[in-house]
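Build the full structure now, drawing on both the sequences and the hints.
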Amino acid sequence: MQARTGRRVGAAGLVMMLTCVSTACSVIPTGGRSVAVDNVRNGNPLGDPYARVIAMPPSADWSPEEVVTGFRSAMASVDDPGRDVARKYLTQDFAKEWNPQSGVTVYKQDDKQDEYEKPPPAQEGDKETRVTLKGTVTAMIDQDGRYWPRSRSLNEPFTLVKGPEGWRISAAPDGLLLSEADVDRAYLRVDLYFLDSSWNGLVVDQVRVPIDPTSNFAKSAVERLLKGPSSLLRKAVNSAFRPGTELIGVTTEDNRVVINLTKPVDSDRIGPMSAQLAGTLAELTKGGWGFEVKVDGRPYYSSDAPLTIDAQEHSDFDPWTVPRDVHPYYLAGGALRILGKDNVGQPVQGRAGEKNDTRTSPAISGHKQVAALSADGKKISVAPLVAGGEWQDWVTGDSLTPPSWDRYSTLWTVDRPDDHTSVVMRHDGRQHYRVAAPDLDTVYVKSLKVARDGVHVAVVIKNGLEEQVSIGTVVGREGSTRITDLQPVVNGGDSQTIDDIAWKDGKTLYVLTGKSDLLEASATAEPKTLASDSRIESITALDGSLLAGAEDDNGNRQVLYWNRNSAKWEPMVKDETGSIAFTEKDGPSSPAYPLG
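Residues -24 to -1, 1 to 572 (mature numbering (1 follows the signal peptide of the UniProt record, and there is no 0)) make up the sequence shown, in order.
Read the hints as simulated data drawn from the structure, not as lab findings. Since the model is a prediction, treat every value here as computed from it, not as a measurement. Note that the Cβ used here is the ideal one computed from N, Cα and C, for glycine as well. Hints are not guaranteed to be accurate.
Each computed DSS-like pair below joins lysine-lysine, with the alpha-carbon atoms no more than 27 Å apart [unchecked claim]: (1) Lys504 / Lys544; (2) Lys355 / Lys438; (3) Lys355 / Lys344; (4) Lys239 / Lys195; (5) Lys438 / Lys491; (6) Lys262 / Lys344; (7) Lys203 / Lys239; (8) Lys138 / Lys110; (9) Lys331 / Lys550; (10) Lys491 / Lys504.
Computed spacing ranges between beta-carbons, pair by pair [as the list claims (entries may be wrong)]: (11) Pro295 / Asp242: 20 to 28 Å; (12) Ser78 / Ala36: 25 to 33 Å; (13) Pro149 / Pro186: 12 to 20 Å; (14) Glu546 / Lys504: 16 to 24 Å; (15) Asp404 / Lys211: 23 to 31 Å; (16) Asp301 / Arg453: 39 to 47 Å.
This is how it looks when you write it as structure tokens:
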């Protein structure tokens, strides 16, 4: 039955494919197994070919399974954004209730099991039946476009009734039910750029935007940017655009993408707005395109000239989005050193550059300061990395986590007295603040690190025997700061510990497990394993650079870097003789990038 439907619909799809060749679009017929078609922008930012899924209405002689299959295909059609064809598969009453805008359930099917649960044998004259879709739910997409990885069994029933026009669905899950392949075809992955609470830095909001067949990447991305951040970041970020600003259109002119808005921005927000647009449309700059902003079709003037936006405006506005010329630090014999030319280190200025075995876990701020944890875990000291820089005690406690800096020169740590947790921050050495974090009050926090955007935060939590990594959001400033929306991204389970974490950027986190596995994790994707090496003890990262502190079986230490070409850890730090071999116990260890 199902194969027959695939042949019937596939033949109709072939006719549509042939009639569509001249318009350079790609057609995927509904029914049967979908065929993926690669889409290429071909250097034109306003030309976005996409794989089309043409929705077809049901036929009166289709079986219940064929009707459900057709309904699933119709849900995946971007050419029918209102899902009008999909509603033809539903009874009149259920068509009024069904809300395709309430979110998306993403699933995959197991090749080893049947697509549908086998129903009981049909009897002559049956007017109602049930078809149950089997598989695994892998994610949810909410109404904001946030993609949330999930893992649970898919066991979705569809109730069908038979009428004069054949079988129709009278009950089904609300929202859209799409396969992973459907989502890849029907949604754009867009990084929206917003502004932090100080208006000086950029924060990425990763979303999925439904493909509009009448639109293109630039138009879809800017329209979504103007709608504002997702609920996860709504209270943590700002936007330079005035409320109610809409996009009139996007065109191209003289190798520029021209963005036509309904409202100008305030004069002191031109730089931030330009950075938001450049970051959000960074995908287009790979083809050498720049941007121009117009308002109601007229040039928008900045400094008596039409407002044009350089392709690298976002990295110029916020250097931490694409860091340049940032050197790593490391410990050697208890002294902090900075890695310089030819991978040879030299002591930093001030007391931090002197040998001292009483301090561990160095963290480097973005303003030439180092924080370190005392060997007994009861004190965090800070020293300026300048000549004459002295150590000063900033935070004391019963049991402190290693320090972490945010971009505002604020030091973060967690104190763990008795059976509760207290998140502490100290800004510029002056004022202590306790951070509200209800989700952490009754669990043991092993580590906390703030991302370079100052908004995302990662914590390693131990709850009983289980350890996990969660990513959350920092909201508010100073005394009103709180951590919200913690979402697990790595679950260690009963037998796996989490030894270290390091932010690559504002989106991606590296996780080092007790089994020496290095994972890459984020709030929008399942974690994946990059490497495994029993020598690795700690990690730090900055954009494309990933370093590790390592110790071999003989107790010799070295700083390693992850060679992406060879997919191997390789020694990095040379001594004055040019050697990069593992050295004795006072050898290089604990690498740290600024804000890492």
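We went through each hint and held it up to the structure:
1. For the suggested pair Lys504 and Lys544, the alpha carbons sit about 16 Å apart, so the restraint of at most 27 Å is met.
2. Simply put, Lys355 and Lys438 have alpha-carbon atoms about 22 Å apart, close enough for the 27 Å limit, and the pair holds.
3. This hinted pair checks out: Lys355 and Lys344 have alpha carbons roughly 20 Å apart, not beyond 27 Å.
4. Annotation: proposed proximity of Lys239 to Lys195 holds, straight-line Cα distance about 16 Å (limit 27 Å).
5. Distance hint between Lys438 and Lys491 is fulfilled; the C-alpha atoms sit about 16 Å from each other, no more than 27 Å.
6. A distance of roughly 33 Å separates the Cα atoms of Lys262 and Lys344; the hinted pair therefore is violated under the 27 Å criterion.
7. For the hint linking Lys203 to Lys239, the alpha-carbon distance of about 14 Å falls within 27 Å, and the restraint holds.
8. Between the alpha carbons of Lys138 and Lys110 the distance comes to roughly 23 Å, so the proposed pair stays at or under 27 Å and holds.
9. Between Lys331 and Lys550 the CA atoms are separated by roughly 19 Å; this keeps the pair inside 27 Å, and the hint holds.
10. Distance hint between Lys491 and Lys504 is fulfilled; the C-alpha atoms sit about 14 Å from each other, no more than 27 Å.
11. Range check, Pro295 to Asp242: about 24 Å between beta-carbon atoms, so the 20 to 28 Å window is met.
12. In this structure, Ser78 and Ala36 meet the distance hint of 25 to 33 Å, their C-beta atoms being roughly 30 Å apart.
13. The given range of 12 to 20 Å is respected by Pro149 and Pro186, whose C-beta atoms sit roughly 18 Å from each other.
14. For Glu546 and Lys504, the Cβ-Cβ distance of about 21 Å falls inside the hinted range of 16 to 24 Å, so the restraint holds.
15. Judged by the Cβ atoms, the range 23 to 31 Å given for Asp404 and Lys211 holds: they are separated by roughly 24 Å.
16. Distance hint check: the CB atoms of Asp301 and Arg453 are about 30 Å apart, inconsistent with the given range 39 to 47 Å.
Checked against the numbered hints given earlier, this structure breaks hints 6, 16; the rest are met.
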